[in-house]
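Residue numbers (this note's numbering), protein chains in the order written: chain E, 1 to 451; chain C, 452 to 1442.
Be careful, since some hints might not be right.
Cβ-to-Cβ under 7 angstroms is the rule here; a few derived chain C residues that face chain E [said to hold, decoys possible]: (1) Ala1325; (2) Ala1347; (3) Lys1348.
In silico DSS-like cross-links for lysine-lysine, where the CA-CA straight-line distance does not exceed 30 angstroms [unchecked claim]: (4) Lys827(C) x Lys565(C); (5) Lys1384(C) x Lys1401(C); (6) Lys425(E) x Lys51(E); (7) Lys1411(C) x Lys1033(C); (8) Lys1308(C) x Lys438(E); (9) Lys442(E) x Lys827(C).
Hints listed in this document are in silico derivations from the structure and should not be mistaken for laboratory results. Don't be surprised by glycine CBs; every beta carbon is placed ideally from N, CA and C.
Below, each chain spelled out in residue letters.
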Amino acid sequence: MTKNMNTSIRSLNQMNVKLQNTMKISALIILVLVMQSFAVTPAEAQIPAPKQSEPIALVGATIHTISGDVIENGTIIFEDGIITAIGSGIEIPSGTMVENVEGYHIYPGIIDSYSQMGIYEIGAVNMTLDINEQGPVNPNVMVERAFDPESRHIGIARSAGILTSITTPGGGLISGQSAAMKMDGWAWDVMTMKSGVSLLVNWPNPNNQSNYEEQLTFLRNTFADARAYMTAREAMEAGNSPRHDIDTRWQSMIPVFKGERPVLVNANEVRQIQDAITWAEEEDVRLIILGGRDAVLVTEHLKARDIPVVVTSVQGSPNRNWQGYDTVYNLPAQLSEAGVRFAISGSSSAPYAYRVPWEAGTAAAFGLDVDEAVKSITLYPAQIFGIDNYVGSLEVGKHATLMITTGNPIEYQTQIKQTYIHGRKSDMSDMQWQLYEKYREKVDQWKSERD
Amino acid sequence: MNKARYSLLNKLIAYVLGGFLLFFGLADYSLAQSQTAQTDGMKVNTPAVHAFTNATIHTAPGRILNNATLVIRNGVVEAVGTNVRIPADARVWDMDGKTIYPGFIDAHTDVGQKEPRMNIEMGNVSWNAQIRSQLTAEGEFKHEDDGSKALRELGFTTVLSMPTAGIFKGEGAVVNLNDGTVGDRVVRTGVAQGVSLVRTWGLPASYPTSQPGSIALIRQTLYDAQWYDQAHEIFNTNPRGLQRPESNAALAALTDAVNGRQPLLFEANSDEEIVRAMRFTQEFSNIRPWLRGNGHEYKMIDYLKQHNAPLILPLNFPSTPNIRTPENALGANLATLRHWYLAPENPARLAAEDISFSFTTDGLENKSHFMRNLRKAVEVGLDERTALEALTVNPANLLGISSTHGTLETGKSASFVITDGNIFNNRSRILSVWIDGHHHVINRENEMDVKGEWAVTSSTGLFDGMMNITESRPGRLSGKIMVGENEFELSSVSVQDLPRRFRADFNGEELGITGHIRLTASVSGNRLHGWAETAGNERVEWSAELSAGAEPSTPQEEREPAPRTLELADIRPAMDFGIASKPDQPEHVLVRNATIWTMGPEGIIENGDLLVRRGRVAEVGQNLSAPRNALVIDAEGKHVTPGLIDAHLHSGINGVNEVGNAIVPEVRMADVLNINNIWMYRQLAGGLTTAHVMHGSANPIGGQNVFVKMRWGSLSDDLILEDAPRTVKFALGENPKRVGTDRYPETRMGVEQIIEDRFNMARDYEARWNEWNSNRQGIPPRRDLRLDALVDILNMDIDIQSHSYRADEILMLMRLTEQFDFRVKAFHHGVEAYKVAPELVEHGAGAVVWSDWTSFKIEAYDATLYNARLLHEAGVLTSLHSDNSQIATRMNWEAAKMVRAGMDPVDALSLVTSNTARVLGIDHLVGSLEPGKHADFVIWNGDPLSTLTKAEQTWVDGRKYFDLEEDAEMRAAIERERADLIQLIMEQQND
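Based on the sequences and whatever the hints tell you, model everything.
Quick look at the structure:
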């Protein structure tokens, strides 16, 4: 262990030299930021950060609150994981640990609003996957109960600024409940920011008409059964009927009918989107469209019902040859222009969660306002999934879930220097960096032996 | 063997000319009798002399005789003309109003070949069940339901019957479409050897599984046939001391084809398969390719004119695209819509460019659509004479039967079609065909006509009066009967032509009869003789006499052909975003005032200029002066980089993996390029100009790869990067070991051993050749393309570009090749390459890696975003690759990720430009903006490594293949053209 730590520290110092040379940032800050986070870290283990023990003030950065103005030379103070003050030239209470982050930017943590983080480890190794439960109807399964805090992908995403994951199961017709997960912690219970943030429904494929109608019949019947169950239970509870046994599946759907849990409908083709809208209206459930490739054809319909769209994988190509090469790239710009509420997510892949800001960046390259692009991976997903009282922007009272960067996170070249999750200062080392360090050591040994 | 066949053929022709060959009694519709068979029962000697008089006779396309006579005797034309004496012994057929055409010839059918023998286990067959060249159509012919009837109904009398199974299918024979044994029907054998570029799955051969594998097998087999011929000749001349060459019926049967004595009839199922078939002529200059086409030939008229191979053309037009709902219509690509509109013009467009062809019904699922499609082709511009040529003289010439078939001339086969009008008229019907003098009725004409006014007399006087019979619509009779003041509508009016019977009913209430009076009668010329059932009353006899014939019915109006209002420009590829012509290559292009990433020794030049001359970089620097007439582009504020290169892509090929053998370096991706590839346009839009298009990873030693330049709008041969090295795909780890249920290897140990084993085989093969070359005595070694490629690999004439994941397997291949004293050029994917960076440097291998792919399988779990960075830091020549068509559209962003990983921006961009070129061995051509290199460059609207940047222009060879503004115009044009085509379909469907 000691040897490992020494190795780690040595590599760190080597990296410091590199950073100084290439990043033109002050050695002091590097020492503060990097030494603190790395010095305690043995190779190949990411240690969850302890609870915030003292108030922290990050001073001197450009603060992008997202919900409000950009604050130049700003200060942000947080205590017990909660933001207590943001501003320029504000007073720092005594007993506050002050970090000078001059020259950097502070953004709220990025939200991956559609992810299999924690339930996917290695694609072709089935036993490492906990995504698809058996059968078509699983409204009761709760993703956080299977969330593996040891997943390698968590640290990799976290060090890239992905600080909240809306982890979502898949498969079947009604896949189960997603949960908003904090990307740091010893176990899933403390990592769960909010459970049951949505219920995923995979809208059937409309290309085969008879099969489509059969599937829709099944979907409608399922919802009708669940609603009948709710009625029966309510009648029982009001003393108007005999006892009705519990049905775990239908019990789990009561929050959907009460409007407390939105239905996230996976729908890309225009018929899927339209039909899901009419269905949700008839069922009187809250709807979020997931995917939304053809959403641009029905923006008025979406707006009229105030239905948000979570655009998945902006870095994709159109399904139809006649469509322009940038049809998907500029979908967010078109939704934005039309006034449809939207968020940008990745492809659900846990290992690639860190690509989410670049998906937003692509949208920005193809017409989306840069600030809107940042909102689409912070504030907008927080609002859409009902976690905006915790995260999504930097405001007093919200979680101190934020990152210190060299620039806008949607830009490839931006470096994420340090992240805080609910006030906990993250271990910025991840498995990919540790593998680099380890084999950098091999290269160095080889070079010195060769010389 | 072949001599024997040819002399048989000559004899057959002589028989035909002499009128002895085919002799069918008209009354005898049973099987024709073999000439050598003994007579069973009574000898049939019905005269076979017929004179067809008063006919319109097309003796040949464009030669029309009116009011002419055709005389045939014993299956052969005796005379044809306007002044022909009718032989005294002839049966005379009045052809007034009829037209006679030479019998149609279908140049590619499966007549008699619909159920091929799949297992041929006996005899000296090929090792590979796909090679069935020794089979002959006549030898394999199955008589039952042989498909003749359906073709006769379309006017065909003679066809090429081709074996249907395998890659080499066997020899075709021309047969007539009479019923009977094939021995009596064969017109000519050994016409052509059939070749398919697609394997037949029902045949028990594990190799090949793919199109590139099939092409490799064809190539090897042709070499084998050459060798076989040569080996046997040498052995037969002096066998002393020689190892006897094997006996192989399949190779023996191919010697004629490889020596040009017999055509190879390729089934080309797409525009690209035409190119693929014709490519064999580059390697085998003696072969004579024929093409069975596919309906897409209009897309490549320039190519066909240049290559001039006989063309057999199907008339299988696509069904109408499904646009029933707006959502369906969204799914209709321009390529589909255009082909629907243009396919009927295919023959006319070829004819307009003087490309001759023969028609075939092949490819039509429903043969009866042939005539409809033929007429459609004429309606949209095919000249009737050309159409007739394609049905008669062209196939006759092609199939070598023009001395007996194709025209109606004295001495030729009495094979012809009789119609009731111009065959190209939609309302014309084929009445009969005569095949070698044998009569087949197709649509019988009624011989009696009851239309007109009849004076009716009944024995009781019950219904004396007038009866009027009319044809209410074609084939449907109606009528009235007038008795005194009463007029009765007739029902159930019908006739039976051959029994000469008439039937009708009417309600006799007014005549005091309750119920129907039912008439029945015999027709005898102008008289009816019959009786009537009068609803339970007495039966009445009646008769009638025709008092006035019916007015000749006016022919119905021809349906107006749908207007051909759309003008669709020729584009290539013939799909969405295809272009009308190759972009211009200006003599000089000067790009000014840009930030130029030269990716060469000059680094980044701010306010830089790039001068291009005739497709090559001429100069890079500042303040360059513009040559006269140079195209000057002001790129102030823009960045210019070399065109991006993708080191590992599988776009635009038909068939990625040949899984039929673990070791397949004879397979070549260059054989299966496909220009109908929308990804190429999208990749251009992202600044990609060159790609290393690779074989898949199913094999420890896979196929040879190909370098493609993104010359959108070119034919596939023109996509290939000239002067590029040859490379081969190797694959280690999970993929090659998990392919087959029982294919060796199944472990990384086996992967290593089979590679070593083949390296040893290759060294032995090389030694064998060296020995033979030193004395040239005896039989030369058989040329083995697989071992040839392996020898080239061992001698580093083919570079190894090896798929790999884990460090151990990377190390394994380095050590193994070192054992054989050569080197691996580069490891691809190399998810764990960073773990063996020093070893890679020492071996001299490059690394071509993903930016960040990870965790999709166990061997990808130790991936790191810092892979390229660490490799680069260690001194490994490193590049990125996409291995994915979509990612290949944005390789600059893949490089940008490496800046995130801590690399210097120029180093990062080198991973998709200069380093990529170096690791692939194409840095003498592309990868940097240095004088003499290809003028492949991209103009970006900002820093190419920024998220916010996109490509504005992409140039390849000094030609602009992508332009953001032109792209917008093209989209608008595509929308318009799609809308026009969709509207047209709706109009036609609403008609």
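Hint check results:
1. Look at Ala1325(C): its Cβ gets to within about 5 angstroms of chain E, closer than 7 angstroms, so that hint holds up.
2. Interface hint status for Ala1347(C): upheld, as the beta-carbon distance to the closest one in chain E is roughly 4 angstroms, under 7 angstroms.
3. Interface hint status for Lys1348(C): upheld, as the beta-carbon distance to the closest one in chain E is roughly 6 angstroms, under 7 angstroms.
4. Between Lys827(C) and Lys565(C) the CA atoms are separated by roughly 28 angstroms; this keeps the pair inside 30 angstroms, and the hint holds.
5. Pair hint Lys1384(C) plus Lys1401(C) holds up; C-alpha atoms about 24 angstroms apart against a cutoff of 30 angstroms.
6. The suggested pairing of Lys425(E) with Lys51(E) holds, with an alpha-carbon distance near 8 angstroms, which does not exceed 30 angstroms.
7. A hinted pair counts as satisfied when its Cα atoms are at most 30 angstroms apart, and Lys1411(C) with Lys1033(C) qualifies at roughly 9 angstroms.
8. A distance of roughly 22 angstroms separates the Cα atoms of Lys1308(C) and Lys438(E); the hinted pair therefore holds under the 30 angstroms criterion.
9. The straight-line distance between the Cα atoms of Lys442(E) and Lys827(C) is roughly 74 angstroms, outside the 30 angstroms bound, and the hint therefore fails.
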